[in-house]
Structures are given as structure tokens and as C-alpha cells.
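*Asks:* Make a model of the complete structure from these sequences and hints.
These protein sequence lines map, in sequence, to chains A and B. The first sequence begins at 157 in our numbering and counts up one residue at a time. The second sequence begins at 157 in our numbering and counts up one residue at a time.
Mixed in with the good hints there might be a few duds.
Note that the list lumps identical chains together, so a pair holds whenever it fits in one copy or between two copies.
The calculated lysine-lysine pairs, modelled on DSBU-like cross-linking and capped at a C-alpha distance of 35 Å, are [claimed, not checked]:
(1) Lys357 - Lys822
(2) Lys348 - Lys324
(3) Lys957 - Lys766
(4) Lys870 - Lys822
(5) Lys219 - Lys903
(6) Lys515 - Lys865
(7) Lys903 - Lys965
(8) Lys239 - Lys904
(9) Lys515 - Lys505
(10) Lys965 - Lys348
(11) Lys823 - Lys664
(12) Lys1000 - Lys965
(13) Lys823 - Lys589
(14) Lys654 - Lys823
(15) Lys219 - Lys324
(16) Lys589 - Lys239
(17) Lys965 - Lys904
(18) Lys965 - Lys766
(19) Lys682 - Lys823
(20) Lys822 - Lys589
(21) Lys965 - Lys515
(22) Lys596 - Lys823
(23) Lys1000 - Lys957
(24) Lys822 - Lys965
(25) Lys1000 - Lys388
(26) Lys965 - Lys870
(27) Lys664 - Lys805
(28) Lys1047 - Lys682
Just so you know, the hints here were simulated from the structure itself, not pulled from any lab data.
Number of protein chains: 2
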Amino acid sequence: MSGKLDKLVYRFGDGRADGGAEMKNLLGGKGANLAEMSRLGLPVPPGFTITTEVCDYYNANGKTYPEGLKEDVEAALREVGEKAGGVFGDAENPLLVSVRSGARVSMPGMMDTVLNLGLNDETVKGIVARTSDERFAYDSYRRFIQMYGDVVMGIEHHLFEDILEDYKQGKGVELDTDLTADDWREIITRYKDLVASETGKPFPEDVNEQLWGAITAVFESWNAPRAITYRKLNDIPEDWGTAVNVQSMVFGNMGDDSATGVAFTRNPATGENKVYGEFLVNAQGEDVVAGIRTPQSLSEEAREESGSELPSLETVMPDLFAQLMDVFHKLEAHYRDMQDVEFTIQNGKLWLLQTRVGKRTARAALKIATDLVREGIISREEAVMRIEPAALDQLLHPTIDPAAERNVIARGLPASPGAAAGEIVFDSDEAEKLNEKGHKVILVRVETSPEDIHGMHAAQGILTTRGGMTSHAAVVARGMGTPCVSGAGAINVDYKAKTLTAGDVTLKAGDWITLDGATGEVLAGKVPMVQPELSGEFATLMEWADAARRMDVRANADTPHDAKTARDFGARGIGLCRTEHMFFEASRIAAVREMILAGNEAGRRAALDKLLPMQRGDFAAIFREMAGLPVTIRLLDPPLHEFLPHDGKDIAELAENMGVSAEAVKKRVDELHEFNPMLGHRGVRLAITYPEIAEMQARAIFEAAVEVKRESGKAPLVEVMVPLVLSKRELDLIAGRIHEVAGQVMKKAGEEIGYMVGTMIELPRAALLANEIAQTAQFFSFGTNDLTQTALGISRDDASKFLGEYVAKGVFETDPFVSIDKEGVGQLVRMGVERGRAAREGIKLGVCGEHGGDPASIDFFDEAGLDYVSCSPFRVPIARLAAAQAALRHKEA
Amino acid sequence: MSGKLDKLVYRFGDGRADGGAEMKNLLGGKGANLAEMSRLGLPVPPGFTITTEVCDYYNANGKTYPEGLKEDVEAALREVGEKAGGVFGDAENPLLVSVRSGARVSMPGMMDTVLNLGLNDETVKGIVARTSDERFAYDSYRRFIQMYGDVVMGIEHHLFEDILEDYKQGKGVELDTDLTADDWREIITRYKDLVASETGKPFPEDVNEQLWGAITAVFESWNAPRAITYRKLNDIPEDWGTAVNVQSMVFGNMGDDSATGVAFTRNPATGENKVYGEFLVNAQGEDVVAGIRTPQSLSEEAREESGSELPSLETVMPDLFAQLMDVFHKLEAHYRDMQDVEFTIQNGKLWLLQTRVGKRTARAALKIATDLVREGIISREEAVMRIEPAALDQLLHPTIDPAAERNVIARGLPASPGAAAGEIVFDSDEAEKLNEKGHKVILVRVETSPEDIHGMHAAQGILTTRGGMTSHAAVVARGMGTPCVSGAGAINVDYKAKTLTAGDVTLKAGDWITLDGATGEVLAGKVPMVQPELSGEFATLMEWADAARRMDVRANADTPHDAKTARDFGARGIGLCRTEHMFFEASRIAAVREMILAGNEAGRRAALDKLLPMQRGDFAAIFREMAGLPVTIRLLDPPLHEFLPHDGKDIAELAENMGVSAEAVKKRVDELHEFNPMLGHRGVRLAITYPEIAEMQARAIFEAAVEVKRESGKAPLVEVMVPLVLSKRELDLIAGRIHEVAGQVMKKAGEEIGYMVGTMIELPRAALLANEIAQTAQFFSFGTNDLTQTALGISRDDASKFLGEYVAKGVFETDPFVSIDKEGVGQLVRMGVERGRAAREGIKLGVCGEHGGDPASIDFFDEAGLDYVSCSPFRVPIARLAAAQAALRHKEA
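*Replies:* Here it is as C-alpha cells:
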């Protein structure tokens, strides 16, 4: 950046402005919004913005300013003085200004604000004369020195505080308000001495020196280490630069006809269309926040509701209240959303200092968005775009009653949302037993493993002391919609003694605890809950979302219960039904183990014959819940050793049950041991070496489909999914068997069942060779969990050791198991899509990894052209909304 | 295939032929070669070939023959009779023929040969009359019935044998030669009865029925299950088809002026340019092979050398010997290679029945190729193409003396070539101790782990009872060039008793055993060895290879010893120096463990300070060996838990040495435990979380380089390699530190060291984002081991459970850890190459996975445009040759 710049300074105020909201890149967010309000004719204290291009120029040209800037600033400042009725540096009628930074996005490390700039030993007397308030004038002056000394001259803040404290101690007073104008004069002298001794220079009396010092400090702060780090981490280009806003001061503390306040144009907690805010008479903005005085309500209605004795603005300044309401309506009509506004009343005149879109709860967001549609202010599509999908989570789970007392004994990770209370139990078998007897239990484990599935199913909530957001417990719990707190490292579990200890609290099995899966808090006792209420607005917005989305949303569900939940939440089918969980149930695990321990195919087939009717029953129950919708069933995926016990006692017990020697069981366990089970003998590899397992599962699936078709006339659309495929040949070998079994079952029953055989794309090689695989596969489901593990070479179970540091150091923007790594894994997904479609036009493409419920990932999947996403039942509404937003975004693009 | 075919039958014989060697696709290998020899004017019994197109027609048209075939065959057969002097089916002067299949490549499951076709009860009399040898005639007839009955009529071979055996028992004779013409007549009767009872039809008397039965049998055998399976596994298209060769019979057993023999035109064991072969007077081809009579030498010189009393062909038939030598010269001049020839002399006339390129030992291959260049027959490039690179392995290792007695007690996998003998030792510490005392030891373990490295280094050879070709023991042993037999499952190791048992043999620690790493045999005792001799031909050929290759060849070497071996074998630098092995040495492991157990960075740095001088010494020693050549040093790669002990006793011992509690050590071991270490906290991830380790290693590297430069004036070209990178950002973080350390060291020393910082491309994401990574990386080394593991999702350590079945079922052509998976992993390599070069022109690209020493993979790497391959020292010559062949192939293409 060099050479002549077009326009260096943009003015605003007095109902006009050189800039506007659309010029954020040039004026920064704050400057653009001040200009916009000014253009709208709203009362904004006049001022001007020095552009971000000046910042770039400054950095690129050895910290010099472009030609003409000085003149432009002087001219602009003169104009500000004319509008505000004052002259910068004038001893009789001085103009005071604030100087603020303002980049496109707010950024930590940047200089914030210098107020009251333009005060010196002469101009302060002008303020005294014009306000007849000596104390106010000198207080303002010392505040200026303090702020300027700190942020512009780099003197540590606490040195000023020390002087003030010493002085108050010396005088024996406690509050600033106890100090007089004379006290402030004395303190100002000491402040100036401090500045001289710290910097070797006197505090600048020249107001122009003050101004340029502040402007330069803003530009310099762009290169503060913290700002640079932040930009690096957030991919913010160096050349965006910051703007500088210079604005005339207004004061809410100039007497009883002055006031200051903050307001939301609607209620940010409930969304109700009622103004919501606070103000203080004769006060400055910081006093409202400081909480020294109790703020007053704006409207009478709000005052009544809150039961406050203090009068409302509506009562004390009815005209100004009316003006403010008028402003609010203008702002909402203009910005088309609820606004968060700062205002000041100076001697009976209303000034607006800031407006921005107001933050709100999920509930309020829904209400405001649907109301704005009804009011004709925004369209349905805009309403859909207004809701943060992840925020819906708050609405879908029970939560801890906000009024309840919280006895937090430890904190872990908020691994699966919702709150749950139950009796502590340390063992999965015990959890299942107690649950069957009607107890509500919380399963507490150091870590969970696939052997705990039945206990996790039986529990209201799960607490682990080890493992991260993507640990086994966390992933499975989210899948089940069960609240979970993971990795609560401060808790010590003693399995033997059946106790848990957190600090000095020890709880034993049977004691009640409560988990808050949204915050990660572990609470002692049974804390009351609030049940989720899916209000009318929720249903309305979901309807609009469904109308807007292109992708279908399915659920990952392994049980009829999950399938029902999913359908209730609007899932249009099952995208992933894992069959291994069925194998872990107490009634089946014996037959599964018998199969694994069998020495030959005949032995395995005998054990599989026992499993067949149970599997058929599982599938039939799920098909009933999903009648008429597609159900994708994945063949057995985990390595067989996951089904065998590992410790001596359990092995001995199993051996006895099976009537074999413990050595034989131990030998098989050792044989099956794997160094890297994730990359081991699992998925389609099991089907290749033990085709009889796949055959049994296929038979169970088709027999169940026939059964449900006969019962209800509504057969499911069966999709048999082969996992972990890396070549067409593998799929050919297994698909052939599935088609054979399907043919046999249908012929015997005399019924036709619509079905497809497809595969997961969850290995890089499968994505690379999708063109070949699609010759056989009738659908693809991207398994982005495993695809992430393999493409990145990161084991999800082990990643917690370094993933935090990887995010902190900017290697990953977010945990790649939470939001898909678009640059890497995303390339493989796109390849899979393109190559799959090239080989088989119209091939059905979906995703069933955890990413299927993550809004950022859903956006990517929509762009990549997938047909559907599948996620855990409780995330279905989130996915529906995210899919709608993605479709709308990509329609625009 | 349908419609009119151009020409169905190709004739040969009598110095002319319709076809030639270039028509293999149409005539099959055998037919094309017979035509070629005939064209050359060599005496080939006349015959004709029915084309492969007829086979296709037959299969595509409901097993019918194309129009005109019958007439063409009849005409051809007439012509054959005219040339051979006989008439097919004529009772007085019958023409007998052989019928053979002949596809483009030889294929198991295909019909082989029917001899003597054309014999029946009438024509056999003609043979009797013309040969005056009744016994010969009826013996020929019964042989024909037996062969035809078996291969054409499908009667099980043993049924004929049973009849013959019964007959001999009945007569009380043992040998076929004891049977008379009458005996054969009787047996013929019984054979015919067998045919009638087995097939319900009489044996065909009609010679044309015989002929068409045999032709059809050949075409049918194309669709035999075994042939189909073989084609599938070897990607041979169905429509290649087979040809049928019909050729007039010649007999070497028609008296003392007849003979039969086989010969190599040069010595296939040594390569000497001397005819090498055997013959028998008055005998048939099968008699030479059967070993009933002792064959005779062809030349007098050979007879003298063998010390045989039996006269040579040169003596008994000097004219024919001279004719044969003349034929051999013609064949060599024409085919430009040593030939393997079958010939028959019938009544003083020489006939050639087959010629093909002769198989030979590696030593002979070298000698023949270099001789042929010297003789002006082939070019240097052709000589280079003639040697099978893998065969060189035979020449590079000691081998078991072929004359020695072999007491094989068990067999395992030939995991690392070469033979070794030593005392049995079951423990790595013990192996090291004994080795230091001058004992030669063989390390015997159930499996090896990284903790055994010192023992493996100390051992002459390694034997494991578990694990495959890619187990830890196998991979490390190959890297070291140490002979290894892995997975010898029949051996039972008892660590406590210090014994190994194989069947009924029990050996104890200290007993001698010998391993043959080339065959996988385990032999009791100390068996004598033959040391490799790298003859002049070897050096000559390597020189030609080096002139022809485009890629450089480096070695993977972790020690000065390996580096020296590599350089001796012609390595042009080190492509992978793993630093972790250095950490395992007894003198360092304590400091390594201290570092791992340290609770903070200061503690780690203190331990690293101890390691620094040792690492510097390691690197300096390697740099000395590689003075002036590039040395790629990989920063620490394995997860830290690999350096800690895992069993209670070792943990307690370590705790005591470190002065901490066993619980503390146990806790750290547990903390570091990983479910999938392959995908765990390793590689650059260690450097990100513990940058002090990378810094220490960088310091050691650059200080060592300075040291060697000062000593010798020849600094190495240092390449610091960061492993397991998946993003530019990771590399930025670490490369920055390395550059900083390099700068410090060089500044302090006042010396400049040429160096680069680069990365391994061993994760799919790294290949996909190679364009970004290359902005920082100055070189790439493809780590195709890990790239294969991640792209395919297969753990090398666990793959043995299913990989065999995957190869057998045709999912993989070969083990993808042996030869690179071109379709999948190869795509990633190509991407890495293209994208890397796009971002950094001229970026240095190499490969350092096990594939770097595999000829098929080297061919791919040349095609993909890599700059070098790196492999274990003992494979360097193989890689040089393979690289040369790849370059020549791709130059042609």
C-alpha cells in the first residue's frame, strides 16, 4: 500500500454521513454503524472515522501518514466542533472527543478507548465555566490523564490507582465520590508527576499532540503481539487494518436532566416484543455497569413486573422515553432485527452511542425470528438463517432448574448435553440390574469401553474421570442422547470401595448425584429439572427449515427406542444402524462368544443360528418404527476381540460357561489381540474371513423386512451397508452373498422387498477409488469419523493427549472430530462424490459420522452435494436447521 | 466374437511357416515359437496351429467351430503328412501327431499334451511294420490310450495305473521294461474295457474323432475352474483364448541311431559360455527326466569335467553334435539370449521340439548378460534389463554351503535373506553381553519389540515364532541386513527353562543353530556357509545400471556400520536415519526415561542435556561415513511409551533407579498408554508438545556437522526431516525452531553448513495438502509404510490375520506392504509429487518406506517422477538395478 489514497476521513453526525453500514471494510464495524445511524437521522454525537487504508499506509510506509491526512483531520474536527457547539482546544468553549479503534471485527489486544481528549489545564476551566460543576470537570480531567497515560503513553494502570488509593488513605476516605474538586486537582498534579518520571516527558498540554498521540496509539496497537497472535489464529489478514473513530463527547452526568442507559429492543431472554433495559439519572455509562447504584427500568410495565420502587424513564422523562421508543422502532425497521443500544441523555437531549444486533437465548431467538416474519419485517428464509443451530440443543434436553441450589463437587467436559440425576453405580451390570428394578442410576466409570454399552443404556447419565469430548463415553452418550460429563479428573473413583471422592466430598454407590451435561458440572444430590418444551415457534421454524433444505436428515439409531426418538424429532429414516450393540446384550453375548471361540465354520454357523432370531427381532422392531422410510443397516464392524473378556476372572468364568479350558479362551484372546484395533481385522474384513456372519445378518434383515411388510403392508427401504471397504473386489465378494440371501428369503416368502447394497466410504483408498467401488455399491455413506482418523492419522481415542495443543497452536481451527477438516478430509469426500457419481449416475450419497450433526460440517456436505446427513436422534432438529441454512447460503452463492 | 475369421490355421515345418514369434497373441507362445524356429530353417517336425480366435469363436458361439475349420485342418494335416512322410489314419504308413494347448502365457489347469494320436488297432500295425519293433508300437498305443483317456475323456489317471500295477503283480514283474509286446496288447484290451465301462462308449478307433476330441478338449480346458481362477487372480482377460498345436510325432526311441535330450546353450548355474545338457540314446523325452537311466553329457569337455564313463554325444554322434551346436548358435544369435532347448534324433535326423529363454541363477544371469554385451549380441541397456533385480539378493548374503548336510528342525517365513549360525540366546541383554565377549549368537524370541533392538544388533540372526513378513523382527532385520526367520510357529519357546522345542527336538540356550533367511529354514547345529563373492560381472553390470538410471539410490541407515555397508553397496547418501534406535541403547535409555518421567519442561531439558553429546556423537560418526553426501535425519518418531517398561518388575526397577515410586512410574505408563499407537502421540506431534526434544536433536545434528566439516573439510548435506506432518502449520512451528538452532550453532562455530528442512509425506492429508506443506518443506520423503497403513486403514502389525486371504481372494495382487498399491496409495504419491512441485519448483522428492527396495515399487516411483529411493543397505544394489530398468522402460514408453 503506497501512493495517493482517495479519501482518508469520513464524517458523520447531524443526520448525514460520508459512509454507511456497507463500508465496514474501510471504516471498521464501529465507524460504519455510527455513519449508518447518522444517515438514518438518529441523534449521533458528531465525529469522523480515519479509514483502515490509512492504517495500511502507516504500516507500509515506515510509520508515516499519507499526505493530506493532517489537513483532513483538522477540517473534520472543525466541522465536528461546529455541529457540537465547541472548538477543539478552545479555553472558553472546548470540544472534547473520544478516540476509539474499530477494525472489521473486534479483536483482543487492540487499543480500546480514550475519553475526554482535549482537556488540559486551560480547557478544563472552560468546562468548569460552562457546566458550573468544578468537581465534574476535574474528575473528567484526571480520568483523561489516567486513560491516556495508560493506553497511549504505556504507563502501567496500577501506578495511577496506587496514587489514588494513597491519596484516599491519606484523607481517610473510602469512595471516589467523597473526593472534592480540590482533591482531584491535587491528584492531577501527582498524575502528571508520575507521567514525567515514568516517560521523562511532561503530560502533553497541546490538544493536537494529544489527538495525534491517540490516533497513532490505535494504529500501533494493530501490531501489538496479542493482536498479531489473534489474527494468526483466526486467519485475519494483516492488511485489513483498523480504523480510528474520533467523536465528540456527550455526558450523562451533567445533572438531573441527564442520564445514561443500555437497552434491548425486545426481551433477550424470552423474545417478547417489549423493550428491555436500564438507565441511571445523572450518571456515566460505566456507572450502570459498575453496580454502585441500582439501575431503573425503562418502561412502566417493566418496572411493575420487576416490582421496583424506582421510577421508570417513561415516568421521569416521558418525552425522551417516547423519543427512545421511536428510535428503537426505526432501528429495528432498518436493521431488521432486535438491537442492543447504548444511549446518553445530556441536558435533556437524547444521543445514541452504539447499536448492534443483540445477543439472545435460543428461546428468544425463535420467538423473535417468528415474530419478525409475522410482522412482515423478514422472510421465512431469513428467519431460518437467524437461528444458531447449535443453540437448539438448549431446547431439546431437560435442564437443571435455574432456581435450584447447585452443590458443584467437580467439573468435567460437557460431553453430551442435558441434565440427569440418579443413584451412583460403578458397574455396568449393576446399572442394568438396578434399572430393571426401576432405579434411576448414573454410571460412574474411569473410562467406558464397548463392554459397558448395556450399562450406559440403562443409565440416566454417564460420568467418567478420564477421556475427552471424543472418548468412547462421550461419543456413545451423544449417540444415545444420554447426558454425559467426561474427563472429570478431580474425581477419584475407587471401584473396590465403591466410592467416588472429589476434594473432601466422598459419595458411595447408591448416593444421588446430578450431572449437567451442558456445563460439565457434577452436583451432589438430586437437583430438580426443567423439562424441555418444544414451543409453537420451534415447530413453525422447523417447518420453514424443512421447506428450505435440499438435503434429507436421517438419524443414527440402533434400537427401536432411538428410532422412535429420531422419528419424533423429524428424522426421515435411519442413516446408520450399528449392529454390534445388539451383540453386547446380555442375552446374546454368550452366543457371540461361542461363535468367536469356535474352531471352524460349522461351529460358527451353529452359534450364528442362535443369534439369527434375535437379530431378526431387533431389525423387525426398528423397521416397525421406521415403516416406509429408508433404514441403513451396517454389518458387524468392530474387531472380534471387543466381544471377549480380558481379565483373568472373566476369562475363567467364560471358559466354564463354554465348557472349555481357560487356557483355550486365553489363547484365543491373545490371538485376536491387536496393536492398532482401529486399523485391524474389522469391518468388511470380518465378512471376508467369516462370510457366515454377514450371511446371518443379511438373512435376519430380509426376514425381518418380510415380517414387517406382512404385518403392516409398509416395508422399510432396506439399505445393507458394508463397512471399511477399500476396493471393489471386497464389496463384490460380500454383495454377492447378500444378494444371494436376499433372493432366497424373498423367493421363499413370495414377497418383494426393495433394497440396496452399498458401502461406507471411510478409508482414503475408498474415496480415491470411488469410481470403481460405485460400480458395485448402490449407495455411499461417508464415515467421516474413520475417514478423519485415517486421513489425519489420528486415533480419536488417543487424540486428547495433543489435540488441545493443536487447536491452541492453530494447527486445527477446531477439533477435526467435531467439525470436518474441509481442507483435508473434505477433499476426500469431494473425490468420493465426484468419482462415485461419474461411475453411477444418481448414486445415493450420505454421511453417517459424528459430523452429520455438526452445523459447520453440514454446510460443507450441502456444498459437496450429498443427498442426506445422518446424526444422533437428539441432533436431528439441529441438522434440519443447519441443512436449511446451508441450502439457503448455497442458493445465494 | 462371431462372423467370418480371416485365417484359422497356421502351418509350420520344412523351413517355412505361416506365423512367427511376433504372433504370440494369435498363435500362443508355443505355436509362435515353433513357427519362428521353422522360419529360421531349423528342423522342426511339421505341424500347424489353430488360432486363439477359434477358441474365442468356440466360446462365443455355443461351442461350435467357425465355418471352414474342418476343411482347413484336414488340408493342413494332409500337408503335415506329406512333409513327415505319412498319412493320418493310414494303416500302412500312419502319421502320428501330438496335440497341445498353447496360450499367450502358460496357465495351470489347461490341458497339456496328448501324444501318439492317430493310433488305433489298424494303424498300430503300420507302426509295427515300419519300425519292426512290436513292443515299441504297442507301448506307444497304450500310452496314447492312457493319456487320451485321462485328459480328453476325463477318466481318472490312477485307474489306468491300477490296471498296469495289477497286471505287473500278476506277472510278478516290477519294471515296465520287463513287459513284452503281448503284455501291452493285453493291457490295451483292459484299458479299452475301462474306457467303455467308465464312459459308456468305446475308445474311439476313428482317428478324426480322436483328433477333434483332443482339439475340443483343449478349448474346453480354457474354461476349467482352475484356469478361470488363475486368470482372475492374474488379470488375464477371458478373450485371450488358447491356441491348439497339432504336430507330427518324432521318436527318439527308434534304435541306436535315435536319441533325445535337453540342453542349455550356456551353463545356467555359472553362465559360462559352454553347452550344458544331457541326452539318452534310444529313449523318449520322459526317460531323460524319469531318471531310470543315467543321462550322458553332450560335449566331451563336460563329460570329462563330470568324470562320467558314459560317452558324450560329441563322441557317439559327432555329426549330429556339430549340427546341434550350429543350431544353438543360430538360436542364440536369433533370440539374443541363452536358450533352453528340447531335441530328438530319430534315425539319425535331428529335430527341435522346443526352444525358450533358459532359466538361470543370478550369478549366471550376470555372466551371460555381460558376455552377450562383450560378444556384441546385446547392448548394455539390454543387459541391464535382463537381470531380475530381486535375484541379486542371492549374491549379497552368505548362504548355506550347498554341499552341507541340512538338519531342518522347523520352517518359518524367509523374513530377511542370508544365512547365519550362532548360539541360541533368548534375551536381548544376554545377546548383547555374549556378543561383547565375542560369541556369535542367534536371538530367539516369540516376538521382538523396540526394546530388543540392542539384542537384534548384537545377533548374527533372528528367529521368532510369531509374526509375519512385516512383523517388527522382519522389518528391523531387513533394515539391518541381518538374516531372519519369522513366525516359525512349530517352535515352542520356553523363556523360563531357556529352551526351544520343535517336534521332538529340544535345544537349550548356548546350543548352536543355523538360520536360512532365504528359505525360512531353521537348522540344528553350525552349518558351513559360503561367503558372497561380488564378481567382476556384478560390478560391471552395476556400472551400466548406474549409467542408465534417472533416480538416485540412498540407504536407510541408523548407525555408522549401516552407513558404511550402504556406501560399499553404492548408496549415494542416507534417505532415512531413524534416531529412535539411538535412544534405546543401554547407555541412553536411562536419560530418555528420565525425560519422559519429568513433570515439566525444565526436567525434560535436564535429561535432554545428557542425551545431547551422545546424539552428537551418533550423528558425527554417520556423517564421517557419508562425507559429502546427503544425510536425511528424521526427528524422534515413536510414541514415548515405547521407551518405558510395561511389566511390574521392570517398572519397579526403573522406579528405584530413578528414585521415584513405582506408582508414579506406573501412572505415567498408564497415562501414555494408547489404543492405537500407530495413530497416536508421535512424530511431529511429539515435537509440538515437547519442542525441547526437537531442539536437542537439531543442536546435535548441526554441532556434529560442524565437527565433521572441521575434521575433514567435507561437511555432509544435512536434511532434517520432520515426521508425520499433516499441515503446513505444524511444519512451520518446528521448522522455525530448527532454523533458529541451526543459526545459533553456525554463528557460534563460525561455519556454514548446507542444510534443508523437509518432511515425510506419510499421511493422506499431507499428500492432499502437499501444495501448502511444500511452501515450508524444502524436500519431501514419501513414507509409504505409514501412507499405506493410513490410506488402506490396515495396521501392518495386525494385517497377518487377513492379508493372506486378501491376496488369495484377489483383493490385493500382492501384499501392499511389499509392493506399493499403485491404484490407491500411488494416487496419493502422485498428488504429493504434482502439488509439491507446483508450490516449490525443483523440490527434492524421495521415498524411504520399505517400498524403496522393491523393484515393482521402484518402477512406479520412477514413473511418478521421484528424485531418489532409499532402502535398507543390503537392498541398495537391487534398487540401483531396478531404478535403471525403470528408467529404461519409461524411456521406451
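*Asks:* Tell me, which hint numbers fail for this structure?
*Replies:* Failing hints, ascending: 1, 4, 6, 8, 10, 15, 16, 26, 28.
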